[in-house]
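Quick mapping for you: the protein sequence lines, in order, are chains L and X. Using our numbering, the first residue of the first sequence is number 17, and each one after it goes up by one. Using our numbering, the first residue of the second sequence is number 346, and each one after it goes up by one.
Do not take every clue at face value.
Claimed, not checked - Covered stretches of chain X, as calculated for chain L (at least 3 residues, CB under 8 Å):
no.: 1; segment: 440 to 451
no.: 2; segment: 483 to 489
no.: 3; segment: 494 to 503
no.: 4; segment: 517 to 525
What the hints assert, rightly or not - Listed next, with one range per pair, are the computed distances between beta-carbon atoms:
no.: 5; chain 1: X; residue 1: Ala382; chain 2: L; residue 2: Ile332; range: 31 to 37 Å
no.: 6; chain 1: L; residue 1: Ser78; chain 2: X; residue 2: Arg541; range: 34 to 40 Å
no.: 7; chain 1: L; residue 1: Ala34; chain 2: X; residue 2: Arg475; range: 21 to 27 Å
no.: 8; chain 1: X; residue 1: Pro591; chain 2: L; residue 2: Val119; range: 49 to 55 Å
no.: 9; chain 1: L; residue 1: Gly142; chain 2: X; residue 2: Val410; range: 33 to 39 Å
For the record, the hints were derived by calculation from the structure and aren't laboratory data. All values reported here derive from a predicted model rather than from experimental measurement. Glycine included, each C-beta is placed from N, C-alpha and C at the ideal position.
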Amino acid sequence: MTDATAPGAAIGRTPLLARIAHAAGPVLAVVAALVAIWYLACIPMNAAQSALDAERAGSELSTTAADRRSMSGLSVALAHPSEALAGAFAQERPRLPAPHQVVAELWDSTVDKKITSRRSLVFHAGITLGPTLLGFAIGSGLGILLAIGIVHSRVMDLSVMPWAIASQTIPILAIAPMIIVVLNSVGVQGLIPKAIISAYLSFFPVTVGMVKGLRAPSPADLDLMRTWNASGMRTLISLRLPSSLPYLFASLKIAIAAALVGAIIGELPTGAVRGLGARLLAGSYYGQTVQIWSALFGAAIVAAALVATVTLIERITLKRMGLAR
Amino acid sequence: MTGTRSWIVPVAGAALAFALAAAWLGPVALVLVTWLALWALNARLAEAPAARLIAPVLFGVTLLVLWEMTVHLLEVPTVILPAPSQIGVAFSKNLPTLWADFVQTVLKGALSGWLIGCAAGVATALLVARSDVLRRGLLPVGNFMAALPIVGTAPILVMWFGFGWESKAAVVVVMVFFPVLVNTVAGLQDTDAMQRDLMRTYGASPAQELRYLKIRAALPFVFNGLKIATTLALIGAIVAEFFGSPTVGLGFRISTEVGRLNLPMVWASITVAALAGSLSYGLIALLERRLTFWHPSQRARR
């Protein structure tokens, strides 16, 4: 990250490969452990169905279906270990799908389907991405303006800030269906209602981060601006805004993840037509667990990609400004 | 300096308001003038010693008054936005129903899930912090998980645990766990070399170092996590009810009353949720002030 010719840059430098192994090794180990636990958990979770399938296929079991209904998944799995193991990872509608089933469904619904197809996850992710980005733009713009107001006006600081905090203790996601339905009845449909929910969720982290960031310049720097007789606007542009950028990017990362959650929730009450949230809802209506899990992982991948994009912009901007750590 | 500056905002606002009022006429102008008057009053009161208390209250009252005026003067249909007075009537008429919803969603679903999730998060963090490899492995994964739309697990967990409050508590546990874990782990790391050296000079055992240094250093971070967790817990409990619930609960109430276009009742349910959220957030903040009074962020500002 740092310039190789900078003084002291070579001190403590380790080979790149060793550094990657040092950073990624433990993470990979943890992920591998999680996947292993997931596979193990599939056995008792799906045991009841596996036993039923084995019985239907003609094998004799020591327990009847009625017995098993009162038993926990773990005891069913212990009573019929071989049946539970055989049927755990390949069911049509498992209670807990195995990781490879989810990956297969993800692959099937992204790569194998045309993007314009209703069954393509990329299509649904695109539908969700629109309101996410619009809401994120509105929310962070609003957040920045509000923060500038709060920093410059004592009245706003005293009166607006407590309400901004209080507004976040209201579970906005609970109001989401109402916003959608009400705006729908007025005739506003599609992108805007979902974007409003995204904006509401993403403005708060930006406001808090920016207030902190705009107040970050040291008193000495602010005094210097005053000695130069700089106006409030000049101080804002030349001192406060640049020094707030690290704080801004930190909160933008939170805000964009929150915007995605808002857009997904915003899709739930529209009757599950299009989008990642609609896939979740449709999956839960029809008991398509593999579809729910693949939509969930699709959302996770989109979230990770969005946060990574902001991180990349952050790296480039801060580096060009000479603020990179 | 701030004294003169704070007048610029209302004056500029007044110019804008009158320009708009001239173009628009009637009720809108009245609403704007009221807004300006209350804002000017607030600006004057902001100089008073008790401003920290008065200003936000007055701002809240301003919002309510403007809301009420807008609804009545512009004749906004109740289906779109009910007036605060209508919401108040719906609230007081349906107190027993709302209380039952509160018990079901907040006490049974959110609170039990919050307690389990936070306890699990802190306990895992204490275990993880003992090993450097575990910490370096789990922290990025935890950070990643904390940024994910975990609300999406709600349909799965409702499928597993049934329609009762248990499934709501489970959603809350999953939502709350990672922010608390990540914050606590970061907090347990937040000791400087000088403090650790001091503990070593005293010959402190690892358990003593944990008790007298690390846990105390971690507290501000833990409280940060707990605060995030309170709002997440309410969201989780309410949203989980959209995927299936008994005929009681705030989420159930909101979704059914929206269906019947009974908006005052919807807003009354939202008021309950907001009160529960603000109160629990306030309680945590109070506890934080009592326990971490020594931290710079808790000292008097400016």
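To see whether the hints hold, each was checked on the structure:
Counting residues of the segment 440 to 451 of chain X whose C-beta lies closer than 8 Å to any C-beta of chain L gives 0; at least three are required, and the coverage claim is violated. Counting residues of the segment 483 to 489 of chain X whose CB lies closer than 8 Å to any CB of chain L gives 4, so the stated coverage by that chain holds, three being the minimum. Beta-carbon proximity to chain L at under 8 Å applies to 7 residues in the segment 494 to 503 of chain X; the threshold of 3 is reached and the given coverage holds. With a threshold of 8 Å between beta carbons, the proposed coverage of the segment 517 to 525 of chain X by chain L is violated, since 0 of its residues qualify and at least three are required.
In this structure the supplied range 31 to 37 Å is violated for Ala382 (chain X) paired with Ile332 (chain L), their Cβ-Cβ distance being about 48 Å. For the hinted restraint 34 to 40 Å between Ser78 (chain L) and Arg541 (chain X), the CB-CB distance of approximately 59 Å leaves it violated. The beta-carbon spacing between Ala34 (chain L) and Arg475 (chain X), approximately 25 Å, falls within the hinted interval of 21 to 27 Å. Checked against the hint of 49 to 55 Å, the pair Pro591 (chain X) and Val119 (chain L) fails, with Cβ atoms roughly 36 Å apart.
Separation of Gly142 (chain L) from Val410 (chain X) is about 44 Å and departs from the stated range, judged on CB atoms against 33 to 39 Å.
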